[in-house]
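Below, each chain spelled out in residue letters.
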Amino acid sequence: MANLTINGKTFTLDVEPDTPLLWAIRENAGLTGTKYGCGIAQCGACTVHLDGVAMRSCGISVSEAEGKKITTIEGLASGETLHKVQEAWIAQDVPQCGYCQSGMIMAVAALLNEKPKPTDADIDEAITNICRCGTFQQVREAIHTIASA
Amino acid sequence: MNKHISPRLNRRAFVIGTAAVGAGLAIGLDLPFGGPALVRAADGSPEIGAWVVVRPDDTVVIRIARSEMGQGSLTGLAQLVAEELECDWTKVTTEYPTPGQSVARKRVWGDFSTGGSRGIRSSQDYVRKGGATARVMLIQAAADAWKVPASECRAENSVITHAPSGRTTTYGKVAEAAAKLTPPADVKLKDPKDWKLIGKGVNRLDTADKTTGAMVYGIDVKLPGMLNAAIKDCPVFGGKLKSFDEAKIANMKGVKRVVKVGDTAVAVVADTWWHAKTALEALPIVWDEGDNAKVSSESIAKWLAEGLDNSQPAYVGNKNGDAKAAIAGAAKKVEAVYSYPYQNHATMEPMNATALYTADKCEVWCGTQNGEAAFAAVLEASGLSAEKCDVHKVMPGGGFGRRGQTDYVRQAVIIAKQMPGTPIKLLWSREEDMAHGRYHPITQCKMTGAFDANNNLIALHYRLSGQSILFSLRPEALQNGMDPAAFQGVAQSGEAAFGYSVPNLLVEHAMRNPHVPPGFWRGVNVNHNAIYMECFMDELAQAAGQDPLEFRRKLMGNHPKHLAVLNAVAEKIGWNTPAPRGIYRGIAQVMGYGSYVAGAAEISVTDGSKIKVHRIVASTDPGYVVNPAQVERQVAGSFVYGLSALFYGGCTVKDGKIEQTNFDTYNSMRINEMPKVETVMMPSGGFWGGVGEPTIGVAAPAVLNAYFAATGKRIRQVPLRDQNITFA
Numbered sequence: 001m002a003n004l005t006i007n008g009k010t011f012t013l014d015v016e017p018d019t020p021l022l023w024a025i026r027e028n029a030g031l032t033g034t035k036y037g038c039g040i041a042q043c044g045a046c047t048v049h050l051d052g053v054a055m056r057s058c059g060i061s062v063s064e065a066e067g068k069k070i071t072t073i074e075g076l077a078s079g080e081t082l083h084k085v086q087e088a089w090i091a092q093d094v095p096q097c098g099y100c101q102s103g104m105i106m107a108v109a110a111l112l113n114e115k116p117k118p119t120d121a122d123i124d125e126a127i128t129n130i131c132r133c134g135t136f137q138q139v140r141e142a143i144h145t146i147a148s149a
Numbered sequence: 001m002n003k004h005i006s007p008r009l010n011r012r013a014f015v016i017g018t019a020a021v022g023a024g025l026a027i028g029l030d031l032p033f034g035g036p037a038l039v040r041a042a043d044g045s046p047e048i049g050a051w052v053v054v055r056p057d058d059t060v061v062i063r064i065a066r067s068e069m070g071q072g073s074l075t076g077l078a079q080l081v082a083e084e085l086e087c088d089w090t091k092v093t094t095e096y097p098t099p100g101q102s103v104a105r106k107r108v109w110g111d112f113s114t115g116g117s118r119g120i121r122s123s124q125d126y127v128r129k130g131g132a133t134a135r136v137m138l139i140q141a142a143a144d145a146w147k148v149p150a151s152e153c154r155a156e157n158s159v160i161t162h163a164p165s166g167r168t169t170t171y172g173k174v175a176e177a178a179a180k181l182t183p184p185a186d187v188k189l190k191d192p193k194d195w196k197l198i199g200k201g202v203n204r205l206d207t208a209d210k211t212t213g214a215m216v217y218g219i220d221v222k223l224p225g226m227l228n229a230a231i232k233d234c235p236v237f238g239g240k241l242k243s244f245d246e247a248k249i250a251n252m253k254g255v256k257r258v259v260k261v262g263d264t265a266v267a268v269v270a271d272t273w274w275h276a277k278t279a280l281e282a283l284p285i286v287w288d289e290g291d292n293a294k295v296s297s298e299s300i301a302k303w304l305a306e307g308l309d310n311s312q313p314a315y316v317g318n319k320n321g322d323a324k325a326a327i328a329g330a331a332k333k334v335e336a337v338y339s340y341p342y343q344n345h346a347t348m349e350p351m352n353a354t355a356l357y358t359a360d361k362c363e364v365w366c367g368t369q370n371g372e373a374a375f376a377a378v379l380e381a382s383g384l385s386a387e388k389c390d391v392h393k394v395m396p397g398g399g400f401g402r403r404g405q406t407d408y409v410r411q412a413v414i415i416a417k418q419m420p421g422t423p424i425k426l427l428w429s430r431e432e433d434m435a436h437g438r439y440h441p442i443t444q445c446k447m448t449g450a451f452d453a454n455n456n457l458i459a460l461h462y463r464l465s466g467q468s469i470l471f472s473l474r475p476e477a478l479q480n481g482m483d484p485a486a487f488q489g490v491a492q493s494g495e496a497a498f499g500y501s502v503p504n505l506l507v508e509h510a511m512r513n514p515h516v517p518p519g520f521w522r523g524v525n526v527n528h529n530a531i532y533m534e535c536f537m538d539e540l541a542q543a544a545g546q547d548p549l550e551f552r553r554k555l556m557g558n559h560p561k562h563l564a565v566l567n568a569v570a571e572k573i574g575w576n577t578p579a580p581r582g583i584y585r586g587i588a589q590v591m592g593y594g595s596y597v598a599g600a601a602e603i604s605v606t607d608g609s610k611i612k613v614h615r616i617v618a619s620t621d622p623g624y625v626v627n628p629a630q631v632e633r634q635v636a637g638s639f640v641y642g643l644s645a646l647f648y649g650g651c652t653v654k655d656g657k658i659e660q661t662n663f664d665t666y667n668s669m670r671i672n673e674m675p676k677v678e679t680v681m682m683p684s685g686g687f688w689g690g691v692g693e694p695t696i697g698v699a700a701p702a703v704l705n706a707y708f709a710a711t712g713k714r715i716r717q718v719p720l721r722d723q724n725i726t727f728a
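Going line by line, the protein sequences match chains A and B. All the letters of the first sequence, read from the start, carry residue numbers 1 to 149 under this note's numbering. All the letters of the second sequence, read from the start, carry residue numbers 1 to 728 under this note's numbering.
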């Protein structure tokens, strides 16, 4: 059993303590916006925020996440108001297949929280998610659009 | 609700929550006795022909048979229909008919296959007619109501106007009446110069849910009572499952069943996928690996190298003059051998499918590039007839050719069949996905060029040795044993025609098919053929002491469309002006999928081994551009895929198995490695070429040619990581 605080809600989940947070979120909490891509913290598709910090949830156990504030893509918006990253993603048509974009958006949201006006070098350093469709050019442009707003 | 217009839902139809496609995936059939055939969507709204449903609130639902997988075809196809329909684009939504429904209606939606960059170009004619047909019927219905000739009415933005009287109505108001009319036998399509929506870079129709986590991919499908399966197939292709010790994992948490899947694989079924995967990893399995376990990358390379020898048999794909004789008597000749490895598609979402089997029904939910092929796999694996089966397409997390295959669909059904009544979601681990790809084929190529005393290229011999995709996947498409697709980009004519005129030319293929299963991998045979030909073209230019662009131009007089796109990138990159200090340029062109494309790269190189790709200019002439914003994204995306393969890709074989297991050993480029991509679209009209794939062919050779310009060294093998060359 584990108690997780996800998107402001407490979930009591029947999981072993070493279960990766990713699978507890997807299968036990039923929030499937967070995606599985590699399981070894390489691709970033499973990125969530832990106390505001972007983390790859496939590499964190449930026991490590207990007591922390977990935010997934489903919890990024404030009620009906989308997060500025989501809005920019829609306005600039960033996603292609979209599968990596939950993780990409969470990574970008965390970057902008830390650095509201990131340089290209900041983006290069912070955004290390894999996108096989190759949306990087749109990702970069959208980040700059948000930063200059 | 009025009884007459209440929909009779197709019992097999199923709606997945707030699924990706409008109100849902369900389409019902309602064929009332005695009246004209009136077909209704699941919500009761009438069909105006197979492609269009109009709701009373003027929402237009456009049916899409091809699969969206990120490439934007769903939006482009809707634009094609809406252009002719003259409907309000802001009220357009889309839905997928199921393959089962299409088969039941004599394939009214045509081909579902989404590969070969065909999504738009192969259906543009009939989907535009679908839109035009609906427009004619809607106008006729309004004219009938007003008792005026239809010729006095016109439609725009979903509003029908009778000009002489000034009366207006909307599509939603006349849809019921329109649906009862007999469709016109023939409709006239607009002249391209009159297009208003085609050619506009409108935003995609499927973006919002991809930013909130709401989009349902195959991996996200949830059905009541569903269990999860993890699978391991014999890691040596062609090997078999010998035995497994089920007792060892029977008591592990969540485990429900351990099942054989055909004679090559075993799956663990559990309450959650994490439990299934954990138990599968603990399951003792004995494989019968067979003779293929002796195969390695080295043994494959040796076998392919033998095929480069002229004494070995080969299929001739393109020929004029007598290349061998001309080379023998030439003043100067140049020879080089290149190679290209296996590549995994590595879609971000690993393969998966959810199947529900009962004695009289089998349904599957999955991402697929070919709904009808998935449907056929369900029929075969379930043993049930077509009317008892269906496939519900959901958004695939990438396709790139991999999801045109149906191995994962078949597996899901075989598992579900052993647990009737229980929905089973089969998900491959990334490791399984790496081990059981349908890989970009492996080839080598020996090229020989010959010059006369004045440095004119008089002969070219292009000898490929290696794998044929069609041999493995579509043997019926072979021509007397020859794989015509092997010559993509170097073919005599057609949609992937060679762009140079050489007086003596011989292009041939010594087919050698190792046991590693090949597949259609974005760009397919264009990938290696473009690297081989375009890098060797640079070698020939160097041997002739000529500029690579000028050398090409002299050979392209009879190929004006190839030349036009090459000239466009040369101009845009500033080929004839000096590059900035430390920046080096390379250029390439190819034709594939009916489109003419070229690329020019600017790179810098540090320590001879660290490449920074600063900029790539691409040009494409696909005949017509439906959505320029999506074309731009496809071009840039194709470069990410192609350059990832060039720098980081390459799947190697040891003991008959693929050695790479995940993104740590099969890496993919990141945003910091992304060049600025500038796309020049130059649609010349009169033909329809593809977009998703062709440009992938020019990224790698343009960069490799720039690398030579920077270092004086030729790279003739892929991937660069094996040569200790990396992104800077």
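Hints are computed from structural coordinates only; laboratory data are not their basis. These figures come from a predicted structure and were not determined experimentally. Every residue gets a Cβ at the ideal spot worked out from N, C-alpha and C, and that includes glycine. Hints may be right or wrong, so weigh each one.
Unchecked claim - Pairwise CB distance ranges, derived in the manner of DEER restraints:
#, chain 1, residue 1, chain 2, residue 2, range
1, B, Pro164, A, Ser78, 50 to 58 Å
2, A, Ser63, B, Pro580, 50 to 58 Å
3, B, Ala145, A, Asn113, 53 to 61 Å
What the hints assert, rightly or not - Once the Cα atoms are required to be at most 16 Å apart in a straight line, the calculated EDC-like pairs of lysine to aspartate or glutamate come out as:
#, chain 1, residue 1, chain 2, residue 2
4, B, Lys657, B, Glu673
5, B, Lys242, B, Asp288
6, B, Lys253, A, Glu141
7, B, Lys253, B, Asp271
8, B, Lys253, A, Glu27
9, B, Lys256, B, Asp245
10, B, Lys654, B, Asp209
11, B, Lys612, A, Asp14
12, B, Lys654, B, Asp291
13, B, Lys324, B, Asp309
14, B, Lys676, A, Glu16
15, B, Lys253, A, Asp124
16, B, Lys676, A, Asp18
17, B, Lys361, B, Glu387
18, B, Lys260, B, Asp288
19, B, Lys253, A, Asp120
20, B, Lys319, B, Glu306
21, B, Lys361, B, Glu335
22, B, Lys657, B, Glu289
23, A, Lys84, B, Asp209
24, B, Lys222, A, Glu27
25, B, Lys242, B, Asp263
26, B, Lys253, B, Glu289
27, B, Lys612, A, Asp124
28, B, Lys610, B, Asp722
29, B, Lys676, A, Asp120
30, B, Lys173, B, Asp144
31, B, Lys332, B, Asp452
32, B, Lys173, B, Glu281
Hint check results:
no.: 1; hint: Pro164/B x Ser78/A: 50 to 58 Å; in the structure: holds, 54 Å
no.: 2; hint: Ser63/A x Pro580/B: 50 to 58 Å; in the structure: holds, 54 Å
no.: 3; hint: Ala145/B x Asn113/A: 53 to 61 Å; in the structure: holds, 58 Å
no.: 4; hint: Lys657/B x Glu673/B; in the structure: violated, 30 Å
no.: 5; hint: Lys242/B x Asp288/B; in the structure: holds, 5 Å
no.: 6; hint: Lys253/B x Glu141/A; in the structure: violated, 47 Å
no.: 7; hint: Lys253/B x Asp271/B; in the structure: holds, 9 Å
no.: 8; hint: Lys253/B x Glu27/A; in the structure: holds, 15 Å
no.: 9; hint: Lys256/B x Asp245/B; in the structure: holds, 15 Å
no.: 10; hint: Lys654/B x Asp209/B; in the structure: violated, 42 Å
no.: 11; hint: Lys612/B x Asp14/A; in the structure: violated, 49 Å
no.: 12; hint: Lys654/B x Asp291/B; in the structure: holds, 13 Å
no.: 13; hint: Lys324/B x Asp309/B; in the structure: holds, 13 Å
no.: 14; hint: Lys676/B x Glu16/A; in the structure: violated, 46 Å
no.: 15; hint: Lys253/B x Asp124/A; in the structure: violated, 42 Å
no.: 16; hint: Lys676/B x Asp18/A; in the structure: violated, 42 Å
no.: 17; hint: Lys361/B x Glu387/B; in the structure: holds, 9 Å
no.: 18; hint: Lys260/B x Asp288/B; in the structure: holds, 14 Å
no.: 19; hint: Lys253/B x Asp120/A; in the structure: violated, 47 Å
no.: 20; hint: Lys319/B x Glu306/B; in the structure: violated, 22 Å
no.: 21; hint: Lys361/B x Glu335/B; in the structure: violated, 60 Å
no.: 22; hint: Lys657/B x Glu289/B; in the structure: holds, 10 Å
no.: 23; hint: Lys84/A x Asp209/B; in the structure: holds, 15 Å
no.: 24; hint: Lys222/B x Glu27/A; in the structure: holds, 10 Å
no.: 25; hint: Lys242/B x Asp263/B; in the structure: holds, 8 Å
no.: 26; hint: Lys253/B x Glu289/B; in the structure: violated, 30 Å
no.: 27; hint: Lys612/B x Asp124/A; in the structure: holds, 13 Å
no.: 28; hint: Lys610/B x Asp722/B; in the structure: holds, 13 Å
no.: 29; hint: Lys676/B x Asp120/A; in the structure: holds, 12 Å
no.: 30; hint: Lys173/B x Asp144/B; in the structure: holds, 13 Å
no.: 31; hint: Lys332/B x Asp452/B; in the structure: holds, 7 Å
no.: 32; hint: Lys173/B x Glu281/B; in the structure: violated, 60 Å
Hint violations for this structure: numbers 4, 6, 10, 11, 14, 15, 16, 19, 20, 21, 26 and 32, all remaining hints satisfied.
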